[in-house]
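K.L.:
Letter by letter, the chains look like this.
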Amino acid sequence: MDLENQKRVKDFADQYGAENLVVVLGAAEGEAAGLAAETVTAGDPTFAGPLTGVQLGLKVYHVVESEFKSEVDQEVYEDQVGMMEMVLDVDDIVSEMTDIRGQYSKF
Amino acid sequence: MSLFKDKKVIVIGDRDGVPGPAIEECLKSTDSEVVFSSTECFV
Amino acid sequence: MNYPVVKGVGYALIHTPDMIIHNGTTQTTERITNPDSEYLKNLNKFIRSYNEVLSYVPNQVYIGNKTPKDLEKIDMPWYDKKSSISERFGKFGEIMPQDEFIGLIKISDAFDLVYLEESFTTKIKEKLLNHPLFKEDIESIKSGVEIEKIKKLVDDHAETLYHEGKLVGCVKRAHDIDSNLTAHILFENLVVKASGILALKNLISKSNIKAEEIDYVIECSEEACGDMNQRGGGNFAKSIAEKCGAVNATGSDTRGFCAAPVHALIQASALVKSGVYNNVVIVAGGATAKLGMNGKDHVKKDMPVLEDVLGSFAILVSKNDGKNPVIRTDLVGRHTVGTGSSPQAVITSLITAPLDKAGLKITDIDKYSVEMQNPDITKPAGAGNVPESNYKMIGALGVKRKDIERKDLLDFVKEHGMQGWAPTQGHIPSGVPYVGFAMNDLTVGEYNRAMIVGKGSLFLGRMTNLFDGVSVILERNKGKEDKSVSEDTVKKMIAESMRKLASQFLEEQE
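Protein chains in written order, with the working numbering: chain D, 1 to 107; chain B, 1 to 43; chain R, 1 to 510.
Some clues are possibly wrong.
What the hints assert, rightly or not - Chain B side only, calculated, beta carbon under 7 Å to chain R, not exhaustive:
| no. | residue |
| --- | --- |
| 1 | Pro19 |
| 2 | Pro21 |
| 3 | Thr39 |
| 4 | Cys41 |
| 5 | Phe42 |
| 6 | Val43 |
Treat the hints as calculated values from the structure; they're not laboratory data.
Yeah, the Cβ is synthetic: ideal placement off N, Cα and C, and Gly gets one too.
Next comes chain D alone, as it looks inside the complex (with noise of 0.2 Å):
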């Protein structure tokens, strides 16, 4: 994940409480979803930001997961989303969430 974006998801984390944030995410791969997800749970994996061994454990979800999709307005979520779930990989965004949330996540 970016180093600035490291930076404020550390900074909010102080200012707000790390059970008051959820993050969402919009990566194309699971990949690069898995990594964000561990980054802001676990600390960043590739030891090279400002959350290198911090442990936020926050909550983390990817837009095409049913917990977000379920939340939000369905006629805007099909204009805003809707084509990217023919598009993106869904089962394998899915389960790399699913499992980092499984192990890393606090609340």
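With chain D fixed as given, assemble chains B and R onto it according to the hints.
P.N.:
Quick look at chains B and R alone, frame taken from chain D:
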């Protein structure tokens, strides 16, 4: 229970997936506040 | 309508192994945040040689010795396979080795900022003497200096130039306090200028045009040249034109992140179609910052660092010659301020809006040239297969519009898409790599239409959260439209009318 009710949301979009502003549009219908939104570009 | 045509192209790659280490931002950042990292220590072992770079199929496609169709026949990954053609020179241009390019940087230097070591200078002058395009430029290299002088300059803020692990030169800063004339910025600017020159010189030598016939040059890279009072003043275009002998040209720079080349192509077409100019060239060089951008991921997967070349290109747009593919200036797609950022809105504005205007279906475009990044590079880095994603998005929109059925989506991708072959040099892969092939496919080949699509991530500049993109359709030339009537015919028509009038008078008099 709602995932987003009263929560602060951080959006990390992807230029080749779903970009930040598109995710924000979806979140408008929830009871949450987007505190940060960005779109990453890896190419 | 008398559309302008694509009349020539030039594409060049430059192998820059040492510049990966010293100038790629992934590596320079790592040196700051983690100077003792294993990655930096072992990086050398993962850098390819010049011959390996020549034998890499995507590189041979870039310079036109192989086609996108050839690439499709080879299973991925490609980096472990040797190309059946491994030539330095190709139909569209060449793959230049690093030492000669350092010489070209010196040739591009108009302010004595570049210093090269004496024995290195002697060697590359000899090499460049054998290069068909740079024989006359050798004198501007002059003689080199002692290595001690270079080391002293490096100690005094100069940017290093390395070759085969040895210090061979440097680029001085142009000002002691101006932060826009630092050695680093001047180095990057000289690189984009030099690589642009390489592409344009190749275009001129391979196309039916003389340098003096070029009226205007549009440069469309992503660098900025200026000083502290005008940071992005610009006009790389004219500096490149100067070095290529385009004595009757002026120019300007167009900026639009990665979408700039297609913006420039449309602007060039408009200038020619409206008659402002006859021959307009668009040109862009490469970026050292992006070298080895995904190096960490490549090395982690025990792959060579595949981002080891700079890319550059040039395209000539001229008046309709009745032969070359036309640029349909009336079928332009554009992502506007009001388009929105959803992928669906983006693809609609870029792809289907111009198709609708022409009453065409998504399947009426034979090939879409989108962001043609090489997936050999991007997949291992978690960035996916960018061209394929784009094709799936176009297909998905086609499904929504009922142009194609859902079950035919993957077939659509195969028939109307291509595997990516361009290096991840930002603007370089964006739409334009296919234009050289389109010149063949839309004339002697079997296609009728291609769409060239460019996209740009404007938000990276922190001025707007907006995305950007433009597209234009290239089409097979239907032959010169001769709506004009010849002078002879006009004379005959007048004579005939006067005869008729004369006989009428005679009849009335009788």
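K.L.:
Confirm or reject each hint.
P.N.:
Comparing the hints with the structure gives:
{"no.": "1", "hint": "Pro19", "result": "holds, 5 Å"}
{"no.": "2", "hint": "Pro21", "result": "holds, 4 Å"}
{"no.": "3", "hint": "Thr39", "result": "holds, 6 Å"}
{"no.": "4", "hint": "Cys41", "result": "holds, 4 Å"}
{"no.": "5", "hint": "Phe42", "result": "holds, 4 Å"}
{"no.": "6", "hint": "Val43", "result": "holds, 5 Å"}
When the structure is compared with the earlier hints, no violation turns up for any of them.
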